[in-house]
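Order-wise, the sequence lines are chains A and B.
Taking this note's numbering, the leading residue of the first sequence gets 769, the next gets one more, and so forth.
Taking this note's numbering, the leading residue of the second sequence gets 15, the next gets one more, and so forth.
Treat the hints loosely; a few may be bogus.
Simulated crosslink set (DSSO-like; lysine-lysine; CA at most 30 Å straight-line) [stated by the list, open to error]:
1) 58(B) <-> 905(A)
2) 785(A) <-> 83(B)
3) 87(B) <-> 866(A)
4) 36(B) <-> 822(A)
5) 837(A) <-> 36(B)
6) 83(B) <-> 822(A)
7) 777(A) <-> 83(B)
In short, the hints are calculated from the structure, not lab data.
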Amino acid sequence: MAEDTSNAKSMSLIVTKGSLDWAYPPFILATTASSMGLDVSMFFTFYGLGLLQKKLDLEVTALGNPAMKMPMAGMHIGMPNLVAAMPGVGSMATSMMKNMIEKKGVASIEELREEAIEGDVRLIGCQMTMDLFEFKKEDLIDNIEVAGAATYVENALEADINLFI
Amino acid sequence: MADQVLDAKGLSCPLPILRAKKAIKGMETGGTLEIEATDPGSVKDFEAFCRVTGNDLLESSEEDGGVYKFLIKKTG
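Just chain A, same shape as in the assembly:
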C-alpha cells in the first residue's frame, strides 16, 4: 500500500453510526483532512457500514435525542419522546433536517462521500458486519476494501489521528 512509503500525516476513523446526523462528522473530517494532505482511512462497522450502500436513504430521529432541537419561529424546539415515537414523525424530522441542510449550503452525505472517494480516502467495510447484517459486496459502492479489525489496528498504529465516531 502507498502509506508504507508516504511521509504524509495520517488519520484513521472508525465509523459506527449510520443515521443522517451521525454520518456528518466522519465524512467532514475525512474529506477535510484529505484536502489538507493527510492519508485518511475510514473503517465502517456496525451501523456505520450502511453509509457504504450504493443507495443512501439516511434518516434522523428525535427519539431518545433530547439535544435535537430544531430552529422554528426564532426558537429551538425539541420533541417529547412520546411525539417522536408516533408514525410519520421520524420521516417528518428527516425531511425537515434535509431541507435545512440544503438551505444552509451544507453538503449532502452523498456529495461528501464522493469527495472522499475523489480524495483517495481509503474506505474499508467491516467483513464481520457484512456477514452479521447480510450485506453483499454488490450492495455496497465499488471503491471500498473489505477487511477486519486487524486491518484497522495496523492503520491505527501508524496514524497520527485516531477517532472513534
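Given the structure of chain A, go ahead and fit chain B onto it with the hints provided.
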C-alpha cells in the same frame, strides 16, 4: 489580480476548503487563488489549511455584506 477566483459564497464547512483544495490542485506552483466565502468559520479554517499544507495565505479580509476574501499562493 489572482490567477483564479473561487466563489464559495453560501457554502458551509467543509465545502469552501474542499473547493479551494480542488482549485489549488489544478494550478501551477506560484499561482494565486482568490476565494470569496460567507462562512465565518472559514477565516480560521483557511489559516489552518494554509499552515498545514504549506501554501501561503497572502490576504484575509472581511468585505461589506458578510463576504470574506482570501488570497492563497500555491507553494508546492
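The hints, checked one at a time:
1. For the hint linking residue 58(B) to residue 905(A), the alpha-carbon distance of about 41 Å lies beyond 30 Å, and the restraint is violated.
2. The suggested pairing of residue 785(A) with residue 83(B) is violated, with an alpha-carbon distance near 36 Å, which exceeds 30 Å.
3. Distance hint between residue 87(B) and residue 866(A) is unfulfilled; the C-alpha atoms sit about 36 Å from each other, more than 30 Å.
4. With a C-alpha separation of about 25 Å, the suggested pairing of residue 36(B) with residue 822(A) holds against the 30 Å cut-off.
5. Restraint check for residue 837(A) and residue 36(B): not satisfied, since their Cα atoms lie roughly 35 Å apart, outside the 30 Å limit.
6. For the suggested pair residue 83(B) and residue 822(A), the alpha carbons sit about 37 Å apart, so the restraint of at most 30 Å is broken.
7. Only pairs whose Cα atoms come within 30 Å are accepted, and residue 777(A) paired with residue 83(B) is accepted, the gap being roughly 28 Å.
Violated hints, listed in ascending order, are 1, 2, 3, 5 and 6; each of the other numbered hints is respected by the structure.
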